[in-house]
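Engineer: Residue numbers for the sequence shown follow UniProt numbering, so the first one is 1 and each next one is one higher.
Bear in mind the hints are in silico, worked out from the structure with no lab data behind them.
Ideal Cβ positions, reconstructed from N, Cα and C, are used throughout, including at glycine.
Careful: at least some of the hints might be erroneous.
What the hints assert, rightly or not - In silico SDA-like cross-links for lysine to any residue, where the CA-CA straight-line distance does not exceed 20 Å: (1) 92 with 154; (2) 141 with 176; (3) 314 with 368; (4) 385 with 348; (5) 413 with 168; (6) 349 with 300; (7) 349 with 360; (8) 212 with 112; (9) 225 with 156; (10) 141 with 423; (11) 348 with 368; (12) 92 with 218; (13) 314 with 327; (14) 413 with 368; (15) 141 with 413; (16) 314 with 473; (17) 339 with 377; (18) 84 with 371; (19) 314 with 467; (20) 349 with 79; (21) 385 with 152; (22) 141 with 171; (23) 85 with 152; (24) 385 with 417; (25) 314 with 468; (26) 92 with 82; (27) 349 with 74; (28) 212 with 385; (29) 225 with 154; (30) 225 with 82; (31) 84 with 158; (32) 385 with 120; (33) 339 with 401.
Unchecked claim - Derived CB-CB ranges, DEER-like: (34) 112 with 416: 21 to 29 Å; (35) 89 with 359: 45 to 53 Å; (36) 366 with 188: 45 to 53 Å; (37) 94 with 480: 24 to 32 Å; (38) 152 with 378: 27 to 35 Å; (39) 383 with 325: 48 to 56 Å; (40) 420 with 340: 38 to 46 Å.
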Amino acid sequence: MECVGAQNVGAMAVFTRPRLKPLVGRRIMPRKKQSFWPMSSMQVKCNSSSGSESCVVDKEDFADEEDYIKAGGSQLVFVQMQQKKDMDQQSKLSDEQTLLLCSSYYLSLQLRQISAGQTVLDLVVIGCGPAGLALAAESAKLGLNVGLVGPDLPFTNNYGVWEDEFKDLGLQACIEHVWRDTIVYLDDDDPILIGRAYGRVSRHLLHEELLKRCVEAGVLYLNSKVDRIVEATNGHSLVECEGDVVIPCRFVTVASGAASGKFLQYELGGPRVSVQTAYGVEVEVDNNPFDPSLMVFMDYRDYVRHDAQSLEAKYPTFLYAMPMSPTRVFFEETCLASKDAMPFDLLKKKLMLRLNTLGVRIKEIYEEEWSYIPVGGSLPNTEQKTLAFGAAASMVHPATGYSVVRSLSEAPKCASVLANILRQNQMKNMLTSSSIPSISTQAWNTLWPQERKRQRSFFLFGLALILQLDIEGIRSFFCAFFRVPRWYALILLHHPVIFDDMTSFSKSLMI
Numbered sequence: 001m002e003c004v005g006a007q008n009v010g011a012m013a014v015f016t017r018p019r020l021k022p023l024v025g026r027r028i029m030p031r032k033k034q035s036f037w038p039m040s041s042m043q044v045k046c047n048s049s050s051g052s053e054s055c056v057v058d059k060e061d062f063a064d065e066e067d068y069i070k071a072g073g074s075q076l077v078f079v080q081m082q083q084k085k086d087m088d089q090q091s092k093l094s095d096e097q098t099l100l101l102c103s104s105y106y107l108s109l110q111l112r113q114i115s116a117g118q119t120v121l122d123l124v125v126i127g128c129g130p131a132g133l134a135l136a137a138e139s140a141k142l143g144l145n146v147g148l149v150g151p152d153l154p155f156t157n158n159y160g161v162w163e164d165e166f167k168d169l170g171l172q173a174c175i176e177h178v179w180r181d182t183i184v185y186l187d188d189d190d191p192i193l194i195g196r197a198y199g200r201v202s203r204h205l206l207h208e209e210l211l212k213r214c215v216e217a218g219v220l221y222l223n224s225k226v227d228r229i230v231e232a233t234n235g236h237s238l239v240e241c242e243g244d245v246v247i248p249c250r251f252v253t254v255a256s257g258a259a260s261g262k263f264l265q266y267e268l269g270g271p272r273v274s275v276q277t278a279y280g281v282e283v284e285v286d287n288n289p290f291d292p293s294l295m296v297f298m299d300y301r302d303y304v305r306h307d308a309q310s311l312e313a314k315y316p317t318f319l320y321a322m323p324m325s326p327t328r329v330f331f332e333e334t335c336l337a338s339k340d341a342m343p344f345d346l347l348k349k350k351l352m353l354r355l356n357t358l359g360v361r362i363k364e365i366y367e368e369e370w371s372y373i374p375v376g377g378s379l380p381n382t383e384q385k386t387l388a389f390g391a392a393a394s395m396v397h398p399a400t401g402y403s404v405v406r407s408l409s410e411a412p413k414c415a416s417v418l419a420n421i422l423r424q425n426q427m428k429n430m431l432t433s434s435s436i437p438s439i440s441t442q443a444w445n446t447l448w449p450q451e452r453k454r455q456r457s458f459f460l461f462g463l464a465l466i467l468q469l470d471i472e473g474i475r476s477f478f479c480a481f482f483r484v485p486r487w488y489a490l491i492l493l494h495h496p497v498i499f500d501d502m503t504s505f506s507k508s509l510m511i
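Turn these sequences into a full structure, and let the hints steer you where they fit.
Structural biologist: Right, dumping it as structure tokens:
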């Protein structure tokens, strides 16, 4: 298929920053006033499956305090330890030696590099997580000339999904383990079966599948951090990267995670961002108390019989458990949401105390996980030219922390809208600096239509309630939540619902 940008054959896709000097009328993308929060390098011990190794926290500048909190805040060292875990099984985005057996032939899983001599790109996607790879692949599949920019890092997080949702996305082959049902423990009385199969995603297979889609669609790649985005008067955006490399393009979409305030404006006066933190271990154990056929979605039971108010009062937590076999289990102690991030060392202390109380004896630790998910916060300003996707676009579910399924499911629709906008405006020769705001608004309205904003307001109400409840209040709330009709209970666990459903759900909780 012919790419949208094929007409502009005289423009170079990549050049060094000094080339910018002759350009007139260029301006830095306007942002709200920023007070940067510099981070000094520090060295810590971090444990991995291969033993102890030295980790250095990267020096970063953040747009403001909220951006710093989104990046990890006081727990930043652990967040970066999670990001830097070794994942030898995963392909590198630019590894020439990586081959994938595809049907009867081998497909190279190497993305072609963005280089001088290319035409101006239609779209640059910043960020190489699931959201960024999915959007880049879907956009290129529609004929757009797409560049992907970001550090070549593996998927390190453990993803849990409802099996039916991944089936609908055609990604069932990326699920490495399925439990026939999920169970919730709130007290010592009868547990609650949700009646829905749950799966653990193979991060290696998901990375491989999304990378394969990018390769097949012809996505280009640059392994670099982005310094800033500049708007030129001809309507193009200039993505300035490390090493004085500049990539001109028609649109930029930021998919580099929640802490993207360097590139994006967010609505002022919105709710303050909160944080979900969880500390997990995948272990070999004796005396596993859980049925291997059931995934433990939440276990809010009292894990000690003596006074532990100092641990529970400020941070109510629950156990999330994935038993892969009678002896191999992934345990995770989770604080669903808190105004100030619950420290990982405290989560680890609570998890070990809980497992000890349950009589679980750890024989071997395969992996540790530090999960840090900003929830709530403001939406992006939908009047800006630069677009966003995934966590950068506030697509994380405010009340649950889930986001991967929504990003993967909405990537085709967002790509289709961008392709239509670019084609229509190229035919009319309208892609100028004066037309950009209205064109960008079309894309933003696809991602955040009014119905979606109403849904999010409802979910933010749920988040605000969770933040106020102590452990007893949490148990009472979820007891009511999971006792309502099954389809109601799925509302807060899934994004695409309509306002009438939310109203009915609220009424059912009060009955």
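Engineer: Is it true that the CA of residue 225 sits at most 20 Å from the CA of residue 82?
Structural biologist: Holds: residue 225 and residue 82 sit about 19 Å apart, inside 20 Å.
Engineer: Between residue 314 and residue 473, does the CA-CA distance stay at or below 20 Å?
Structural biologist: holds (13 Å)
Engineer: Does residue 385 pair with residue 348 here, judged by a C-alpha cut-off of 20 Å?
Structural biologist: The given pair, whose Cα atoms are some 43 Å apart, is violated under the 20 Å limit.
Engineer: Hinted pair, alpha-carbon criterion (20 Å max): residue 314, residue 368. Please report holds or violated.
Structural biologist: Between residue 314 and residue 368 the Cα gap is close to 24 Å, so the pair fails against 20 Å, i.e. violated.
Engineer: Under the criterion that the straight-line Cα-Cα distance not exceed 20 Å, is the pair residue 413, residue 168 satisfied?
Structural biologist: Distance of about 15 Å is within 20 Å: holds.
Engineer: How does the Cβ-Cβ distance of residue 420 and residue 340 compare with 38 to 46 Å: does it lie in that range?
Structural biologist: Given a distance of about 43 Å, which is inside 38 to 46 Å, the answer is holds.
Engineer: Range first: 45 to 53 Å. Now tell me if the beta carbons of residue 366 and residue 188 are that far apart.
Structural biologist: violated (31 Å)
Engineer: Given the hint that residue 339 pairs with residue 401, test it: the Cα-Cα distance must not exceed 20 Å.
Structural biologist: This hinted pair holds, its Cα atoms lying about 14 Å apart.
Engineer: Take a quick look at whether residue 141 and residue 176 sit within 20 Å of each other, Cα to Cα.
Structural biologist: Not OK: residue 141 and residue 176 at ~27 Å, beyond 20 Å, violated.
Engineer: If you draw a straight line from the CA of residue 225 to the CA of residue 156, is it 20 Å or shorter?
Structural biologist: holds (19 Å)
Engineer: Holds or violated: are the alpha carbons of residue 385 and residue 152 at most 20 Å from each other?
Structural biologist: This hinted pair is violated, its Cα atoms lying about 26 Å apart.
Engineer: Given the hint that residue 212 pairs with residue 112, does the C-alpha gap stay at or below 20 Å?
Structural biologist: Holds - the C-alpha atoms of residue 112 and residue 212 are around 12 Å apart, at most 20 Å.
When the structure is compared with the earlier hints, violations turn up for hints 2, 3, 4, 13, 14, 21, 28, 35, 36, 37 and for no others.
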